[in-house]
Amino acid sequence: MTSRRAVLGGALGAVVAGATGCGRSPRPVQVAVVWSGGELVRFREVVRQYPHPVDVVSTRNDIDAFLSARYRAGNQPDVAIVPQISLIADYARRGWLQPVPAEVTRRFADQWQAMVTVDGRQYGAWVKAAHKSLVWYPADRFPEPPGTWAEFVALVRERAAAGGPAPLALGAADGWVLTDWLENLLIGFAAPGEYQGLVDGTEPWDGPLVRTALTELAAVWAIPGAFPDGIGRALITQNEESVIQVVEGRAAMVVEGDFIAAVADRFRPAGAAALSAARFPAGPRAQPLLVAGDAAMVFAGSGVGGELVEWLTRRESFRPWITAGGYLSPNTLIKPDAYGPAAARAAELSDPAGALQFDLSDQLRGSLGGPDGLGSWKILQDFLAEVTRPGAVDRACRRLVRAAAQARRETGS
Amino acid sequence: MTQPARTRAAASRLLGETVVIDDVGPGRRSRAYPSGGFASLLLTPIALLLGGILLWPVARTVQASVTGPDGQWVGLENFRTALAAEGTWEVLGRTVLWAAVVPVVVITLGFLLAASRRSGTLLLLAPMALPLVVTGVMFRLFYDPDPARGAGTAVLTALAGLFGVPADAAPAWLGSGLITVALMSAFVWAWIGLPVVVFRAALDALPADLTDAVRANGGGRLDVFRDALWRPLLRRTAAIVFALVALGTARAFDLILVMAPGSSLDEAANLAVRVWQTSGSATTGPAAALNTLWLVALGIGVVAAAVGGRQAWPPPTLEAAPARTVAERTRWPVRRALPILIALLWAVPVLALVATSLHSPREAATRGWTAASLRLSSYGEILTQPEVIRSFGFTALLAVSVTVLVIIVALPAGYALARLRPPGTSAAGALLVAASAVPVQVVAGPINEVLERAGLAGTGVGLGLVHVALGAPFAVLVLRNALADVPGARIRAARTAGRREWGVLWRTVPAAVPAIIAVAVLEFVQVWNDFVVGLLFGGSGTPLGLMVFGQTRQFVSNSGTLAAFALLASIPPLVVIVLARRQVIAGLVSGAVR
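Those protein sequence lines, which keep their order, are chains A and B. Under numbering that gives the first Met the number 0, the first residue of the first sequence carries the number 0, and numbering increases by one thereafter. Under numbering that gives the first Met the number 0, the first residue of the second sequence carries the number 0, and numbering increases by one thereafter.
In case anyone wonders, no lab produced these hints; they're calculated from the structure. Treat each hint with caution, since some may be false.
[As the list claims (entries may be wrong)] Chain A stretches covered by chain B per the calculated footprint, using a threshold of three residues with CB under 8 Å from any CB of chain B:
#1 39-51
#2 77-86
#3 148-162
#4 202-210
#5 222-233
#6 239-251
#7 334-342
[As the list claims (entries may be wrong)] Derived DEER-like restraints, expressed as beta-carbon distance ranges:
#8 Gly74/B / Asp350/A: 44 to 50 Å
#9 Val577/B / Pro223/A: 50 to 56 Å
#10 Ala147/B / Ala346/A: 37 to 43 Å
#11 Leu161/B / Ala190/A: 54 to 60 Å
#12 Ala272/A / Thr369/B: 56 to 62 Å
[Claimed, not checked] Short, incomplete list of chain A residues facing chain B, as computed with Cβ under 8 Å:
#13 Val55
#14 Val56
#15 Ser57
#16 Ala68
#17 Arg71
#18 Ala72
#19 Asn74
#20 Phe141
#21 Gln195
#22 Val262
#23 Asp264
#24 Phe357
#25 Lys377
#26 Gln380
#27 Arg407
Here a beta-carbon is modelled for each residue, glycine too, at the ideal position from N, C-alpha and C.
The whole structure should be built from the sequences, with the hints applied where relevant.
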């Protein structure tokens, strides 16, 4: 009997040892990201050059839920790269983060630094920027979109009435596509300070600014035939599919960030010219320059995380992604020329006189900023769904006010 | 040629014996050999595991739901807050709708299929082997709004056209109106195999002369169903399948997150999704209140199943269950047409997925899967990523280790409960049934506290232990049933030969090998296919479910690579289920019906 017990014990021991062995081996640096598909492949290419193994986990848009669960479990990643910079402030105030290494802070212009600074210390390091005031169109088939909002509305109406490809593609299944539209209009119609007031809570969500912006949005979205196969189809079209619709000639224009350049290239039919990008049309008050970005934060106590972030913000680290296209960065070590065809857009990002405004929904705290199915993402999707009905603007405003109150309760502020 | 017959015999025998109520089985005979100390020794590992990783966390969650941030008693305050939040009632209603509608559909379809044909079990069982994340990918592509890519949309558009609805006004499967129907159809697709195998076993165990007796007394078709099928055995089987499927709908979490586009997620969300998205994984306050509500609902489900599962007819013995011929069962024309229709419906999403994977990513996105193509570039894009290969390795290691550990923990416990029967055995059985129903999200917070205290948070061991704790209750139940079925003569022979308790255990085990295989296969598949546990407790490596999930942010532009990845991730569980199908079916029948 002893021998059998020994066999059983030995088997148990081997399994446990095997399991612990895999837990104790030099752990790769863990990075959580929201990227998926092509962007995830690019980022993995980037970190493959890092001298130590890096494990990249994609959580899609629910990164807040993921990070909270993992942090409370004590198995948080070393680094998380998030577009919602409001999370950086939240987590830093809860004591979950450590400041990024000092040498990293000098790699960004002041206004970019300010976005990731909490109580005087910098908790985020930008690894990617997005220029979100762009209208993409195939230059070989369509003329450049006009420069002002009024002309733009007239053009969409005219094209929709003329038949042929729909004037606009819209990836409304991704709520942030719609918030980007709204934000461009808010900036174009806002008096100085009003836009930032929405973040700080000093500007009401049912005030004249938001009402005007929503009414203007409705002026375009409600045009019959504005989108391929109608609004119902747009609501289940994701942003990359909307780009494919333009590339394939089913729609003429798409309002999207610079990052879709890679998607447009990948699905471009043989012989067709690359998509061109024009600036989003100017409103009566301003020419919008809406920017966003992905910032890396380091969880408290992770030494290897700080080292990785330092490496990620070096000049050469993102070279593979820059070469592949669809990548910009506010990193001042990378000169605009390095971006090749995207150099002009890169220059706009680093131009301090450009009056850039940071993405609103990414700055909103709690569920007001999204993600899927929640807050402003969902409210704008519902607004689009009923945009042709009377009273849509009023209902959207009321829901935004309620969602803002709910978000204040969630965050306890 | 004799093998199918053996399948039937094994299933019906297991089921035949399962009809025994409660625990008045052969085990009680061994009361003559009291061995309490040895039984406690055998039960210690599982008690520690379940106590630490399931029971204490459940208690902690319930406690947190009635206390405030500083641990003071607040009564129902947390429940009021949780229910007052916008949309909570809709989410609760949808969760209940899932638990009520899906089992009825699954049982009805499953019964009709089981009653009409013998073949095709494998086709229906295979979906159960797929990770739910993969099922989500498959049906998201199946319901793609572009008819060239989504076969489901093509059908719906054609149907709408029959009623004069133009193509651009046809309802969309993934739109907010139909999303729940689309999700439920995917869930039914995945779960139909369970009722089919269980009902088939139940039908085989029914005495055939009963039907003849009802007919001879002038009973019609309905009378036959009611008096010869439903009341003797099916009512109980249906109740148990209902409970299993209803409890299983809690797992729709993976499916909803993968399949619902952002614009429909709010209309698709169930309790699990809502708690995940909005609670910030808080383990206290209103989140704990919602989790407690969920536990209470599950508790009611388990009790209802136990009550509904009471036997209304003396159990037929093995000899009294003559195999009924196929011809006898396929009398109604609907029964003949249905299996063909179902087989077609069940195969199309898979074919679409395979065809999509055989297109280059670009073709898949722009031309759809119906265009002729045979390219492997989508597979190439997946297999050239070292992270994906690493994830395959990690998942395989995890699944194998967990499976071995589950057997090591569950086998002695099953033996103790089946043959030694220490005091409290019946209670332990009920506890195990309840434990196998606890959704891990509900107790994730307290589990983390335990793991952290043990210094295992974020390690592969911690992740593995959670898997073991979640898988062990079902394993013990199946093994207990199998060991209780071992003939007494064999035990007596083992006692004579072994004398010592360990020797008896060791000599009894070979009789339970089919059940051990079933448990091992099911456990391996469950760990391989897992998404939630890896999402919440992963850390030192990325399990495959999470890896596939991470690729699902954009569908159309990714459909080729996603389809290829989904298929690659499904191969190992499919292979083991197909290889061990006989034991798995027997195990499911015994585990599900007892």
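Checked hints:
1. Chain B is given as covering the segment 39-51 of chain A, and this holds because 4 residues of the stretch bring a CB closer than 8 Å to a CB of that chain, at least three being needed.
2. Only residues whose beta carbon comes within less than 8 Å of a beta carbon in chain B count, and the segment 77-86 of chain A has 0; fewer than three means the coverage is violated.
3. Interface restraint, the segment 148-162 of chain A with chain B: violated (0 residues with C-beta to C-beta distance below 8 Å; minimum three).
4. Residue count for the segment 202-210 of chain A with a Cβ under 8 Å from a Cβ of chain B: 0. That is fewer than the three needed, and the coverage hint is violated.
5. For a cut-off of 8 Å, the count of residues in the segment 222-233 of chain A with a CB near a CB of chain B stands at 4, and the three-residue condition holds.
6. Counting residues of the segment 239-251 of chain A whose C-beta sits closer than 8 Å to any C-beta of chain B gives 5, which meets the bar of three, so the coverage hint holds.
7. Proximity of the segment 334-342 of chain A to chain B, defined as three or more residues with a beta carbon under 8 Å from a beta carbon of that chain, is not established by the 0 residues found.
8. A hinted range of 44 to 50 Å for the beta carbons of glycine 74/B and aspartate 350/A is inconsistent with their spacing of about 59 Å.
9. The beta-carbon spacing between valine 577/B and proline 223/A, approximately 53 Å, falls within the hinted interval of 50 to 56 Å.
10. Against the hinted window of 37 to 43 Å, the Cβ-Cβ separation of alanine 147/B and alanine 346/A comes to about 41 Å, which satisfies the hint.
11. For the pair leucine 161/B and alanine 190/A, the beta carbons lie near 55 Å from each other, so the given range of 54 to 60 Å is met.
12. Take alanine 272/A and threonine 369/B: their Cβ atoms lie about 29 Å apart, and the range 56 to 62 Å is violated.
13. Look at valine 55/A: its Cβ gets to within about 7 Å of chain B, closer than 8 Å, so that hint holds up.
14. Because the smallest distance between the Cβ of valine 56/A and any Cβ of chain B comes to about 5 Å, under 8 Å, the interface hint for this residue holds.
15. For serine 57/A, the suggested interface contact is upheld, since its CB lies about 3 Å from the closest CB of chain B, less than 8 Å.
16. Taking 8 Å as the C-beta cut-off, the interface hint given for alanine 68/A holds, the closest approach to chain B being about 4 Å.
17. For the restraint placing arginine 71/A at the interface with chain B, the shortest Cβ-Cβ distance is roughly 5 Å, inside the 8 Å limit, so the hint holds.
18. Below 8 Å, beta-carbon pairs count as interface contacts, and alanine 72/A has one with chain B at about 4 Å; its hint therefore holds.
19. For asparagine 74/A, the interface hint holds, the least distance from its beta-carbon to any beta-carbon of chain B being 3 Å, beneath 8 Å.
20. For phenylalanine 141/A, the suggested interface contact is broken, since its CB lies about 20 Å from the closest CB of chain B, more than 8 Å.
21. At its closest, the beta carbon of glutamine 195/A sits 26 Å from a beta carbon of chain B; the interface hint therefore is violated under the 8 Å criterion.
22. With 8 Å as the threshold, the beta carbon of valine 262/A comes within range of chain B, its nearest partner Cβ sitting at about 6 Å, so the hint holds.
23. Hint status for aspartate 264/A: violated, given a least beta-carbon distance of 11 Å to chain B, over 8 Å.
24. Interface restraint check: phenylalanine 357/A against chain B, minimum CB-CB distance 22 Å, threshold 8 Å, status violated.
25. Interface hint at lysine 377/A: satisfied, since its Cβ lies 5 Å from the closest Cβ of chain B, which is below the 8 Å cut-off.
26. For the restraint placing glutamine 380/A at the interface with chain B, the shortest Cβ-Cβ distance is roughly 4 Å, inside the 8 Å limit, so the hint holds.
27. Given hint, arginine 407/A at the interface with chain B, is violated; its Cβ is 13 Å from that chain's nearest Cβ, farther than 8 Å.
The structure is inconsistent with the numbered hints 2, 3, 4, 7, 8, 12, 20, 21, 23, 24 and 27, although it conforms to all the rest.
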